[in-house]
Structures are given as structure tokens and as C-alpha cells.
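Participant: Sequence:
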Amino acid sequence: MPRRESPLPEGDGPVVRFAAELRGLRQAAGSPSYRDLAARAHYSVATLSSAAGGRKLPSLEVTRGYVSACGGDLERWEALWHRTAAGLSAEGKAADATAPAAARDDSPYPGLASFGSRHSRFFFGRERVVEQLRGRLTDQRFIALFGASGAGKSSVLHAGLSPRLRSEGKVVVTLTPGARPLEELAVRLADHVATTPGHLLEEMRADPANLRLLLRQIVTGGPGRGEVVLIIDQFEELFTLCRSDEERDHFIDVLLLAAGADSRASRVVLGIRADFYAHCIEHADLARTIDDAMVTLGPMNSEELHRAICRPADAVGCRVEGRLLAYLIAQAQGNAGMLPLLSHALLETWRHRRGTLLTMDACRTAGSIEHALAHTAERFYEALSARQKKAARHLFLRLVAVGEGVEDTKRRIGRCELSPDSDTTAIVDRAAAERLITVDGEHLELTHEALIRWWPRLGGWLAEDREVLRARRHLTEAATTWAHLEQDPGALLRGVRLEAARPLAGSKDAGLTTDERAFLDASLAAESSELAAAARRRRRRRLVIAALAVLLVVSMTTSLLAVQADREVTAQRDEAVAYNASTAAIGLSRRSPGLAAQIALAAYRLRPGRYSRDALLSTLMSTWTAHRAETYAVDVSHDGAVLATGGRDRTVRLWDMRAPRKPRETAMLTGHKDVVYALAMHPSRPVLASAGADGTLALWDIADPRRPRRLSTLRTRTNTVRALAFSPDGQTLVSAGSDGDVVLWNTRSVRKPVRGVSLRGHRDEVRSVAFSPDGRLLATAGGGDERVILWDTTSPEHPVERADWQAHATTALSVAFNPRTSVLATGGGGDRPVKLWRVSRTHRPVMLAALDGPTDVVGNVEFSPDGRMLGASSDDRTARIWRVSSPRRPRKLTVLAGFTTAVLGLRFSPDGREVVIGVFDGSAHTLPTDFGRLVTHACAYAGQPVTHDQWRQYLGALPYRRPC
2 MPRRESPLPE GDGPVVRFAA ELRGLRQAAG SPSYRDLAAR AHYSVATLSS AAGGRKLPSL
62 EVTRGYVSAC GGDLERWEAL WHRTAAGLSA EGKAADATAP AAARDDSPYP GLASFGSRHS
122 RFFFGRERVV EQLRGRLTDQ RFIALFGASG AGKSSVLHAG LSPRLRSEGK VVVTLTPGAR
182 PLEELAVRLA DHVATTPGHL LEEMRADPAN LRLLLRQIVT GGPGRGEVVL IIDQFEELFT
242 LCRSDEERDH FIDVLLLAAG ADSRASRVVL GIRADFYAHC IEHADLARTI DDAMVTLGPM
302 NSEELHRAIC RPADAVGCRV EGRLLAYLIA QAQGNAGMLP LLSHALLETW RHRRGTLLTM
362 DACRTAGSIE HALAHTAERF YEALSARQKK AARHLFLRLV AVGEGVEDTK RRIGRCELSP
422 DSDTTAIVDR AAAERLITVD GEHLELTHEA LIRWWPRLGG WLAEDREVLR ARRHLTEAAT
482 TWAHLEQDPG ALLRGVRLEA ARPLAGSKDA GLTTDERAFL DASLAAESSE LAAAARRRRR
542 RRLVIAALAV LLVVSMTTSL LAVQADREVT AQRDEAVAYN ASTAAIGLSR RSPGLAAQIA
602 LAAYRLRPGR YSRDALLSTL MSTWTAHRAE TYAVDVSHDG AVLATGGRDR TVRLWDMRAP
662 RKPRETAMLT GHKDVVYALA MHPSRPVLAS AGADGTLALW DIADPRRPRR LSTLRTRTNT
722 VRALAFSPDG QTLVSAGSDG DVVLWNTRSV RKPVRGVSLR GHRDEVRSVA FSPDGRLLAT
782 AGGGDERVIL WDTTSPEHPV ERADWQAHAT TALSVAFNPR TSVLATGGGG DRPVKLWRVS
842 RTHRPVMLAA LDGPTDVVGN VEFSPDGRML GASSDDRTAR IWRVSSPRRP RKLTVLAGFT
902 TAVLGLRFSP DGREVVIGVF DGSAHTLPTD FGRLVTHACA YAGQPVTHDQ WRQYLGALPY
962 RRPC
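Each number in the numbering used here corresponds to the 1-based position in the sequence shown with 1 added.
In short, the hints are calculated from the structure, not lab data.
No residue lacks a Cβ here, since even glycine has one placed at the ideal position from N, Cα and C.
None of the hints are false.
Quick list of the computed label-pair ranges, beta carbon to beta carbon:
#, residue 1, residue 2, range
1, Asp793, Arg821, 17 to 23 Å
2, Asp705, Thr902, 31 to 37 Å
3, Ala535, Glu408, 42 to 48 Å
4, Arg320, Asp192, 40 to 46 Å
5, Gly136, Asn211, 28 to 34 Å
6, Arg308, Ser386, 40 to 46 Å
7, Arg308, Glu408, 24 to 30 Å
8, Gly595, Arg568, 29 to 35 Å
9, Gly136, Arg56, 54 to 60 Å
10, Arg821, Gly672, 33 to 39 Å
11, Arg568, Ala958, 15 to 21 Å
12, Tyr961, Arg839, 50 to 56 Å
13, Arg710, Arg839, 38 to 44 Å
Turn these sequences into a full structure, and let the hints guide you.
Facilitator: Below, the structure written as C-alpha cells:
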């Protein structure tokens, strides 16, 4: 039977409470013996029982082992351990409060604060950078030190470079820009000359060159004085705190003149956060200067970290334990932003040291490098009363400048911006004692921006109140200006700025000072007064306006009616003239295409509309004679370079389409003995298939379109072949025609195609065939039998019929699959001669849309390669194109007219940029498909400008306006 645990010590301290929690966890786990826990946790029985003994706080590793063995939540217990450690640290702090001040502040580590000149004897690790800066200053008058937040820029400048320069006899002037950088510079320089800051400020604002004279005066003002070195630390405040673009630019100009080539008295050093580089280069002169002056401050290497950690302790006769040194170097190496956390962890470890040894246990008690800062801040916060906590929140939020596009930064404020109550004073004193904030005379600021990133509570406040903080910041600045102007009513908030601040007036927890509240109340009162006065003026104005309105209504009504009538007459006239001119342009397009385009463009600009736009596009087509007899078939090669046409003259003609506006005939194929009705281009090879009324199927090699070669000729056993189509992989060719014949050919060898199965399903001549994009479905249109049949061709040797339906009321002439979706388009006769269907191998087709417009049968439908457009050619002598991105809601793009006979076919180029149209009269036409651009640049395609006589002939008495 396991031995019972000893009772916990008396009292209610943090260690006793922690031990009680551990015992409760063990009890919840079923009270396993410590021998069982030791086997699971890999710690001795004595170590684990001591952890729950309540006499001392166990290490974090032992706590983790104990909790893991009991099946507890490791994350929760780690947080509890850190809170307990922070409580112990707070007790230690209270005990230290009675110690002399010198004993409490003798740490060689500044914590979150940067190393200053008085800490230079403790500043180690950055000797190489200090020497680099000193060397660069010897040759250059302007250098800029860039580094990440927390990389130690301020320490390098104040504890490293500044003492070195002073030892060489230089006059070093250091400052941070703040909200009024010129004022700050004047205050710092006034210490070195016999004049007032106000006088210096006036001189610098009058002429930036006056600073150069002042610096020469400082150099010559006393024996042994060397050059003046201006060190501007935290230069990013120029962009985060200074709201005046004019003062910002003036300050930069002053610095650049002070470090100019003509200057012999001064040099300038800037310390800048790296993420503000983009802000710096927005100033052209500063960008050029920084380009040659940049020094980057990266992370410390292990040797530098060793010196930075150990040498300060050595300087006061202490040592750093090896385990602690290895841990700190491992955590900080390669991460420049960790240096403030490292320094703070060392400060807290110093406070928990044993004698002269800084140990790992002391560091863990302080919260380690990851939690030490948060522990210190939380310890400070938890020690406050409820009322003080609320005031502390407002204080710390005032000390942060909310970033816009960059990280949040610290903000320097004056004590006048704080409430003068005792709570705020006590909070400032306590936070300064903990080194969370730095107090410099009448100003205070966060000791380091690491507090913004590593104190979760402050990060949470910023996330919650971001917009409120921006509004309060603007309110604070405006209230300060109002006070400086002796409460001038003209400085009160108005308009958008008042609207942004209005929510603060109704909030009881806005954290406004007495002066800010008075300023906001005065702004709201002024607004109310102005609104009341405006309301009175509006009432008087309404009475006057009402009287005038009655007098004006009659005359205005009469005038408006007359103007409206005139506009309507003008609009009707313009619409009629534009319609007639557009119609005339379409009629002219074959005889005089240049004039037709000019007339159509004039009509479109007179009255932009669908009809005038379609007429303009119709006149912009490139037209040529493809055959001297009827044309029956067109197709474009897979690379878009070759167009093939077939016709009644028993020939197939090849055209070079590399210049679509000027196609050139390259060859004429004469292998057929009768009309050529069908053409099909191979999807990936330069192979053309042709067939027609002689019942033969010919395959041609068109790799060289100027010298095509016949590859094979086959008897199809079909009297007249009306349709051809290759499968997407090119291994199957389907031919179809009279008597309902549909034949599949194996074209793996285009020189010796093999006849496959015949599909029997149509009762009349088959007019069109098409494969689905994946080649698994074949659609056939049966002409007079009005039917479309879907065949499953997954296995071309064994096709299976999947669907058979009446697609159109009188005839079904064409089928085409969308290359990107499972949508099938059909063309034929009836009231709605173009239809879209959803098809699959397992379900009956479902009609998605029925498109109207053509007034006669549609003999050909074709999708663009991207599947977004659908074209249709009709016997009504038009070609129509729709946008079908949404197949249930097709949208008409254009109607092309001006053809003298039926339009037999339409094809898109493989890139979709051109459409080719074949007409029964033997002509062919091309048109770019970017219709919007084509209309915009119509003059590039139109002919000679229309003359005055031609204008009067087609546009009547309208004033002549040259279209191009």
C-alpha cells in the first residue's frame, strides 16, 4: 500500500497553492503512486514528491514531467508555473524595496532601456560596428545606421560611438526628432552657444544654411573643440510623430546642408529602423545621400553575444553560469530583435542571482528570455488597484504610435498630456521603477518597442482599440494646438475630423484628459451653435426660395417642355439617320468596304446602339473570294496558320492565315471528282481530311501548305459524305452522310486508316458530327429526322447509344461541344434555331437555353476555344455570336450582316482572336473577336475619310464631322 503524502506547510503562499494544484491533478488521474509517476516522467520519486511538497517551486522541466505523467494540459500548467514564478518575483521585489537605492540599481544590464553614455563601461559585443561607424565618419560626413527594432541601434550610438567621438575631442549633440524635430534640434544646440532655442529655431526656419554657420560658431567657440557630430537617434519618429510635411522636409534639408560637401564643421549620423527605409527614399535628396551612407546593424554572432552577456557581469565581479550562457546565446543568435528581451532577462536574472553567480534557475524563475518581459509587465499590472489598472491601460496606449502600413512604434509624450491625478503619478513612478517606461524631465516614453511586441496584454489593448487610438491621437494633437492658440475657436474640430472624434465624447472609457475633454466639448458645442444658425438661415432661405419658385415654375415648365420636345425630335431624327446610314453601309460593304466603314463609324458615333455597332463590325470584316463557285466547308489548322475551304468546284484550297486580314492562297487540292462538302483538321498534326459527293475520304499532309501531299484515299461506301470530325486525341475520324451512315475510322496511321464500326440510328442524311472534349461522347445531327443522338465512344470498337432526342422542330443541322464544359450546342430549324444542352454519359440531355434571333435555319454552330463564345451561321444571311460564359443566360455580342447569300460555316482561330466565316457565294471573311477594341480603333481598319458629298448623300443635312 503506497505511503500517504505529508501535509502541506501552513500558509497560502504561491508555492503552497501550486503544490495543492499538483496534488489535485494527481488525485484526478486516479492517485497513481510516485513510483508509477517516476516510470512515466523519467524523474526520481524524491524529485516528484518534492515538487508537490509545497516548500519550494519545482523547475519548469520537473513540472512538465509531473503533469505529463498525470495526463494534464501542458500549456495550461506552463502558464500557471510562470504566474507562480512571477508571484514569487513580486514578493522578492517587495523585500528589495527596503534595500538602499544603490543596491537595487547596480545591475550592469539596462533591461529594456538602451545603453547610455554612463553605461559605456558595460557595453560590449558591438565593437566591430562601432569601429566601422568611426571609420566611415572619417571619410564621410553623413552616415545612416539601419537595423531592425531591438537590434541595438541606440546603444551603439550612445554607449559605443558617442563616447569614442568625445574622447577624440568631438562635440557630440544627440537628439530624437519627436513631433517637432526643428524645435528639438534648436533646444539641443542652444546648450553649446550663447543664444536661446527660440532664436535658433527662427534662424533655421528662415534659411537651413544658417545651421551650418551655427555649427562653425560652435567649433570655433572654444579651444580644443573638434567637429560637431549630430547623432539623430530614432529617426523614424520623423515619420510617425511629426505630422507636418513642411517641417519634416525642412528638417531633412537642414541635416543634409549640415553634412554637405561645403561644410567643414559638422558630420551627421542617423539611427533608423530598417522598415522605414521606404519612407526615407521618398525624399529625393535624402535617398541619394543614404545610397552611399548606409551601414546595416545585423544580429550578433555567438562570439559577440558571449561578450555582451559575460563582460558586463565580469565588470562588477560576477559570473554567468555555463548552462545559462549556452541557453541565452541559442535563443538570441540570428535574431537581432531579441536583444531587448535578452537584456531584460539578464536584468531579471541579476535580481534573482545567488551571490555572484547568474544561474539558469534564476533565469527560469524570472520567466526565461521568452516570458521575462511579460512577467515584469504583468507583475507591475497585477499589483495595481482596479482603478489604477484602468488608468494604466490609457497611459500605455498613449505611449504607442499606431502604425499605418508599418509596425506600431513608441511615442514620446509630455506630462501635460496626462491627467494630474495621484493614480497616474503613482503608475508612472512604478512603471519607471520597473524600467517599463523612461521618464526624461517633463517627457516620458516606453523604454523599448519590444514591450509592444512581447507584452500580450498591451498587444490585446492595441488590437481592440486601434481605430479609437487613431482618433484619440488626432484629438490630442488638435487639443494641444488649441491650447497653444489660447483656445481660438478657429482651431476647434469640424467636419470629418469632428465626426472621427465624436464616438470619444459618448464613451466613458475613452481615457481623455481634462483638457482633451474640454476641447472636444467645445468643438461639439460650436458645432451645435453652427447647426442652429445654419438651420435659421435655411428657414429664411426656404421662404425666399418658395416665393421665387412659384414665379419660376410657370416659365420653367414652358421652357422645359419646349427643350424636351426639341430633344426628342433631335433624338428621333438622329436615330433614323443613324439607322438608315448603318443599313446603307452594310449594303456598300461588298462594293466599297472603305466607304462603308466610314459611313458605319459616323452612324455609330451619331447614335451608339446595338444595330449601329453591328453594322460597323460588319463593315470591318476582311473579305476575299475563296472559290468561284459555292463554298460548302471551312476549317482552321491546330496552329491557326492554315485555313482550308471546300466548294462546288471540286477543290480544296489552302490559305496562309498568319496575317488574318490579308490571307494568301498557298495551294489547291484537286483529288475529288464532285462537290467537297466536309473538311476536318487533325487536332495536333498537320493533317487535313476532306470528303464530299463522290463518296471518297482523302487525307492530306499539309506540313508545307505550299506543297501538300495526299496520304491516303478511301471509299467510304457512303454516297455523299456531309460531315467529318477527328477525336480530340486524333486516333479516330468519324464520317457521316446520306442514308444515315456514320462510320468510325481508326487513324492511328493516317497513311492506312482502318474502317471501324458503323453507327445506325438516323433515318435521314447525317449533317453534322462532333466529339466531346474528352473524346468519350460523339454527337450526330440527323438533318431531316430532326434528331440528335449521343454515342458513348469510350471504346471506339464498341460504341453505345446513350441518348436520342428531337432537338429541333423541323431539322437538326449542326452539333458542337463546348471545349471546356459538358455543354452541347445544336443548330437547326424552328422558332429557336440554336439551343444549349447539358449532356453526360449517364443522364438524358437537359436543355439550358434556347437562343432566338435567326429568322431561317442555322446550318452551323461553333464554340470558341475558351468556351466563352458561341457562333452560329444562318440561311438568313447573318452570322451571330453570343457570350455563353453562363450557358443558362447567354448574351448576344454581335450580329454580322451584309452577306449576299446564306452563311454556311463559321470557325474560330485556335487562340480565339479571329473568327472565319464562309459564305455560300464563294466568299470568305475574317474579323477580330475583341469587338470592343475593334470599335475603339475602327479608324485603323477604315478607308479614306468620307467626303462632304458622301456625307450629305448618306447622313443628310447633319453637320459634317469627319469620322477619322
